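Enquirer: Under this note's numbering, residues 34 to 130 are what the sequence shown spells out, in order.
Please note: incorrect hints may appear among the correct ones.
FRET-style restraints, in silico, Cβ to Cβ [as the list claims (entries may be wrong)]: (1) T53 <-> A95: 15 to 21 angstroms; (2) A64 <-> V94: 37 to 43 angstroms; (3) M97 <-> R118: 17 to 23 angstroms.
Simulated from the structure, these hints should not be mistaken for laboratory data.
These numbers were taken from a predicted model, which means no experiment stands behind them.
Backbone N, C-alpha and C define an ideal beta-carbon position, used for all residues, glycine too.
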Amino acid sequence: MRLRTGGLLRAALRSEPGRTGLAVLGIAVSAFLVMALLAAYRGIAAGVVAYTGQQAVDLWVAPMGTDNLIRSSGLLSGRETRRIRNTTGVRASGAVL
34 MRLRTGGLLR AALRSEPGRT GLAVLGIAVS AFLVMALLAA YRGIAAGVVA YTGQQAVDLW
94 VAPMGTDNLI RSSGLLSGRE TRRIRNTTGV RASGAVL
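Using the sequences plus the hints, can you model the full thing?
Expert: Take a look at the structure:
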């Protein structure tokens, strides 16, 4: 016995055109949203790479356990900023991470 899934599928899709249209629209919108999120992530990642790749910056100091500059933030205390600035060879330091 041979299954005729192609014919059954066409018949099912034609019997409910409204439902078929909504399903196709839902899949298209979902695919668009995935692409939009991917584009936003890649844009942020490229911005972070460009920011951290500045030629004037040789060292980045981040909170312990930081594995991703996109998801991390923090502040250095005045004491820590002065300590870094007083390190030999350091011309400038900032408190914002």
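Enquirer: Taking the hints in turn, state whether each one holds.
Expert: Evaluated hints:
Take T53 and A95: their Cβ atoms lie about 51 angstroms apart, and the range 15 to 21 angstroms is violated. Distance hint check: the CB atoms of A64 and V94 are about 41 angstroms apart, consistent with the given range 37 to 43 angstroms. Range check, M97 to R118: about 20 angstroms between beta-carbon atoms, so the 17 to 23 angstroms window is met.
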